[in-house]
Amino acid sequence: MSSAIWRAEPYTVGQVPDRDLAELQRPVRGRVTLAAVFQALATALSVVPAVAVVEIGRRLLAGRHDGLWPIAWLAVGLFAARLLLYAAAGLISHLADAELAVTVRQRLADHLAVLPLHWFAGGVSGRVKTTVQDDVSALHHAVAHARGDLASAVTGPVVIVGYLTWVDWRLALVTVAATAAAQGVRLRMAQRSAEPVGRIAAANAELSAAAIELVQGISVVKAFGQARAPDRFRAAASGYADAHDDAQRVFIRQRALTRATVAPATILLLVTGIGIGLVGLGWTEPVNIVAFALLGLGLFEQLTPIYSARDQRRTAVAAAHRVAALLREPAEPTAEHPRPLPDAVSPGAVLPVELDGVRFGYTEGHEVLHGIDAVLAPGTVTAVVGPSGAGKSTLGLLLARFYDVTQGAIRLGGVDIRELDRAQLYRHIGFLFQDAVLLRQSVRDNIALADPAASDKVVCAAARAAAIHQRIMALPRGYDSVVGEDARLSGGEAQRVSIARTLLADTPILVLDEATAFADPESEAAVQDALAELAAGRTLLVIAHRLHTVVAADQILVLDEGRVVERGRHDELLRENGLYARLWRAQYGDRT
Amino acid sequence: MIGQQRRLTGALAVAPAGLVRRYLLSTAVYAVSEGAAFGLLAPLLSALLAGRTGEAARWLIPLAGCVALGWLAHYDMNLGALRLSSAIRRTLYDRIGAHLVRLPLGWFDGPRAAQVEQLLGRGVGVAVRTVNLAQTLIASVLTPVTIFVFLLVLDWRMALAVLVTAPMVVLVFAAAARLTDRTEAEHDRAAAEASARLVEFAGAQPVLRANGRSQGGRRLLGEALAAQHRAAREEVFGALPGQHLGQLAIQLAFTAVLVVGLLLATGGVLSPAKVIALLVLGVHFLQPFAAVAGAASSLRVSRAAVQRITSVLSTPPLPEPEQPQPIGEPSIELAGVDFGYRSAPVLQDVNLWIPPGSSTALVGVSGAGKTTVTKLVARFFDVRAGAVRIGGVDVRDISSAELERAVSLVFQDVYLFDGSIEDNIRIGAPGATAEQVRAAAYRARVDTIAARLPDGWCSRVGEGGRLLSGGERQRVAIARALVKDAPIVLLDEATSALDGENEAAVHEALAELGHGRTMLIIAHRLTTIANADQIAVLDGGRIVEHGRHAELLAAGGRYARLWAERERAVGWRLSNRSTPGS
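If you're matching them up, the sequences are chains A and B in order.
Just so you know, we're using our numbering here: the first sequence kicks off at 1 and counts up by one.
Just so you know, we're using our numbering here: the second sequence kicks off at 1001 and counts up by one.
Worth flagging that the hints you see were computed from the coordinates, not collected in a lab.
The C-beta atom is built at its ideal place from N, Cα and C for all residues, glycine as well.
It is possible that some hints are incorrect.
[Claimed, not checked] Covered stretches of chain B (chain A as the covering partner; in silico rule of three or more C-beta atoms under 8 Å from a C-beta of chain A):
id	region
1	1059 to 1071
2	1091 to 1099
3	1193 to 1200
4	1261 to 1274
[Unchecked claim] Every beta carbon over 12 Å from chain A, so not counted as near; a handful from chain B, in silico:
id	residue
5	1088
6	1164
7	1414
8	1571
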C-alpha cells in the first residue's frame, strides 16, 4: 500500500548510486567548493610555524641577525590568516548546509502535501520523520565537511612532504616510507574488519529489539514474577558485548604495531637517529633535522579523515537516496482541466452522488469491490453494512479519494470526481473518521480548520452543537487552550471536537463511520448526540458496524465480498430473509 | 579539566578498581613517555645544532628508552581499554536490566519508556566511549606538563612565556564550550519541535485535506522548520568561538614563545642552538591542546549519557518489607486511600471491600480514577494516606514476589512478546507443562486464533503482538492469567469495537477467568457491569456509590444516571431528520 521504497531497499550498501547526493547538493555546490578551497589553503598554512622556526634557525646558526623579525611577523601574520581562512570555510559550509537542510525539508513538506492519501495509510509518521529530519541531517557531513576534509587530507601531506623533500630528500623518503608501511597495515585491517563490524551491527540490532521488548513489556515481566531481566535481554546484551570484544581482540596486536610504528616518539627517534647519522657523514645540515622533528610526526594522523570520510559518505549517499526517493514518489493525480460542477437548481440545493459500476483493488489482480452501483439521493441516509472484510470501509475511502476507482466512476452532480478540483470536492463532501485527529494548536483553530477566518460566534455555535462547548470553557484558557498541552481531552471529547470541526465545514454530503461513537464507551451517548446534530439535514453515507444504529436509513446496502447482495430498507431486508436478516439475528436474536 | 575527570569516574566507577588503576597508570605512563621524548629532543637538538654530533648521538639512548617504554605502555593501555570497555558494557547492561525489573511500574508510565529504550540501545555505547576519551584527556594534560618540566629545567624564561599563555588557552576553551552548549541545546529543542510537527502533519493528512480550504497544518510545519533553520544558523555562529578561539589562543601562545625566543637569541642571552631547540619544544608543548577541542564535544555527549544512566540506577525501587507477611484469603481492601501522581489528588478517601472470590466492577467517566485504583492494588505506586490490603495485609508488608504471585493483570493494551502464542501464554507460569498451557489456551478461546494463523500454535505474533487484533491479544492475556492461576485478577476490559465473533470469545474467556477468583474489573460492557457481585461508582476520585446493580438502579443516583445514558446509547438510531435537541 505504501510506496516501494519503504518495503525494500533496492540497493545493498556500497551500490547506492551517488547521483542523488550530487543532485540534492547542487544548489550550494559553489559555496561548498569555495569553502573547501579555503580549508585547503588553511591546511597548507599550518606548516608556517614549523617553517618559521627552521628558517629563523638557519639564519641564527649562520650568524645572520638580519631579517629575523620580518620572518617572525610574517609567520604570525600567515598563521592568523590561516585561522581566518578556517573560520570562513567553516562558516560558509555550515551556513550552506543549514540552508540546504531547510530548503530540502520544505520541499519534502510540500511534496508530502500532494502525495496520494493512501500513501499515508498504515502510519508512516515515524518513517516520514526519519527521512525529513534524520536523513536530511545525515547529509550534514557530505555538505559541510566531506569536500573540505578531503581537500585538507590531500593538501596537508602534499605541502609537508614537498617542503621536507626540499629540505632533505633522503630523510623525507624515510618518513614517507614509515608512514606508508603503517598505512598498508591499516588498509588491510580496514578490509578485514568488515566482517566483525557487521557482527557488531547485527548484535546491536538484536539488543535494541530486546531493549524495546523489555521496556514495553515490563508490566508483563513484573506481573508474572520474573525478578530478573528477561533471558532475551540478557542474552542480547552479552552477545553484543561479545561481538565487541571479538572485533577488538582480533586486531589488538596489529593495531598496537601500527600505532607503535607511527607514534610521534617513534618517528622522532627515527628521524633524529638517521638525521644525526647524515649530519655525521656531512650529507645534510643539522638545522634540517629540526624541520623533520617538527613536521614529520603528524603525517599519519593527517590521513585519518580519508578513512572516516568514506564511511560518512556512504551514510550520506544512502540518506540522500531515501530523500530523493521520497521526492520522486508520484504525486496524486490532479485533473488537468478541472470541470466545474453544474449550477445547483436553487441555492443550497444538494448534488446527488452516484456510484456507477465501481471496481477497485488495492493491488493489481486483487479486486476488492466488483462493480458497485448506488445513488445517494440528496437528503437521504445510505448505510453500508456487511460482514468484516466485505469492503465497507473501502467504499468510504474511494469517496474521500484516498484511492481512485480502477473501473467505473463516482460522480458528484454528474461530474466524475477525478475531474474535479479537490478543494471543490471537499467543499461538498465531508468525512468523519473513526480516529479523531487533533492538531497541537488551540481548540479554536482545530474547530475552525476548514475556515480559519470563522468568527468566534460561529466556532462557539459549532462547539455547542457538538456538545463540547462547556467542556472547552472549563479548560484553563478556554478556546485558546492548546490540544495536548493544556487541553487534555478524553477520546470521546476529542471526537466531539472533530465533530464540531466537521459541523463548521458544513458540507452538504457527509461520510461517517458509526464506530466513531464507541471509542470512549463512557461518553458514547454524548458523541451520539453530537453525531445526530451533525447528520441533521445532510446526505449521509454511514459505514455501520452495529446494525441497530441504521434501522432508520432510507437505503441499506448489504455488501458481501465486494458486491452489493441486497439493498432496501430495514423491514424490507428482514422480510427478504437473506444475508441482512442473518446478520441481524446473529447480533440481536429475534428482536426487530 | 579536573572537573571533567571527576565526572568521568561515573562510567569508570562500575568497572573493577584494579582494572581502572592499571589502565589509568599505563595511559599516564604513555603520556609521560611521549612528553619525555619531546623533552629529550631539546638537549639532543641543542647539541646537534651546536655541532656536537657525538653528544647528540648519546641523547638517542634515553630517547630510545622512552620510545620503548611508550610502546609497552601503549600496548598495555589498548589491552586495558578493551577489558575496561567490555567490563563496563557488561556491568551496565546487567545493572540496568536488573534494576529496571525492580522499579515501580508507575515509573514506566509516559515518555520515560522511550528514553529507557534509547538508553539501553545507544546510551550505554556512548557511556563506554568515556574509556577512550580518558586517554585523550590524560594525554592532553600529562604530555604538556612533562614537556613543561623539561622547559623549566632548560630555561625559565621560555617556560614563563608558555606558562602565561597556557591558562588562557584553558579558560578560552571553557567559555567557548558553554556558548556551544547553549546554542546546541536550543537547536535540539527546535529540531524536536519540528519533528513533532512533521509527525503531526503526516498523520493528519486526511483531515487536513478534507478541510483543505486552509493551509493550516502546512503553516505550522513551515514555521517549525523555519525556527529550526534559525536555530541551526545560531548554532553555527555559537560553535564558531568554540572551534576557533582555542586555536587563536594557541596562536597567541606560539607568538609569545617565538618573540621571547628571538629576544633571547638576538640579545645574546642564549646560544642560537639552544633557542631553536627550545622553540621546537614550545611548539610541541602547544600541540596537544588542539586535541582537547575535539574531545570536549564527545565528552559532553558521554557525560550526558552517564548522567542519564546514573539517574535510572539511582531511582529507588519500591521499598521491600523487612518482615514480609503471608497473604491470607484473597480479599482486597482499600481503606481511606489518598493518592495523586503529582500535587493534584486523583483519589480521595477511597474505601472499598472486595470479599474473596467475588467480582467488583469499577465504573465511572474517563478520568474518574478507575485505572489508578487497580494500579494501587498491584502496587505500581504507594498510597499517600490510608492503606491497600490484600488478604488483610498491607501491600507494603507483602514481599514483591509474593504480591506478584497473588495478582494477575489483564490490561487493555496487552503487550505480547515477539514469540509464538504458546511462549506468550507460558510467560504466565514459566514452569507450566505443554498440557497446562494448551488447556489455558482452550479455556480462553485462543485455539481459534491458533487455527487461523499459518503456523498454528507456533505462529509468531509479531513485535508487541501486532499480528493479532485487540480482542485476540486480550484473549492471549486472559490465557496467561489462567495458566498463572493467581487468586486475584485485575482486569481492564477492552473498549475497542469488537466484531461479533471476538466479542463472544472474549466474553466466554472472561467467564472462565472469573470462576472462583477475586476480580476487580474496570468494566465498560453493560453485561459485565450488571453481572458483577458489586459495583463501585467512581466520580472525581471518590467512590460515590456502591452496591448491586438492582439496588443502585433503584437508588436513582449517579449510577442510575450513568446506566440510563448507556442504555440510551445502545438504543441509538442514526438519522438525518431530527435532533434530540430540537
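Comparing the hints with the structure gives:
no. : hint         : in the structure
1   : 1059 to 1071 : holds (count 7)
2   : 1091 to 1099 : holds (count 4)
3   : 1193 to 1200 : holds (count 7)
4   : 1261 to 1274 : holds (count 5)
5   : 1088         : 10 Å, violated
6   : 1164         : 17 Å, holds
7   : 1414         : 8 Å, violated
8   : 1571         : 8 Å, violated
Hint violations for this structure: numbers 5, 7 and 8, all remaining hints satisfied.
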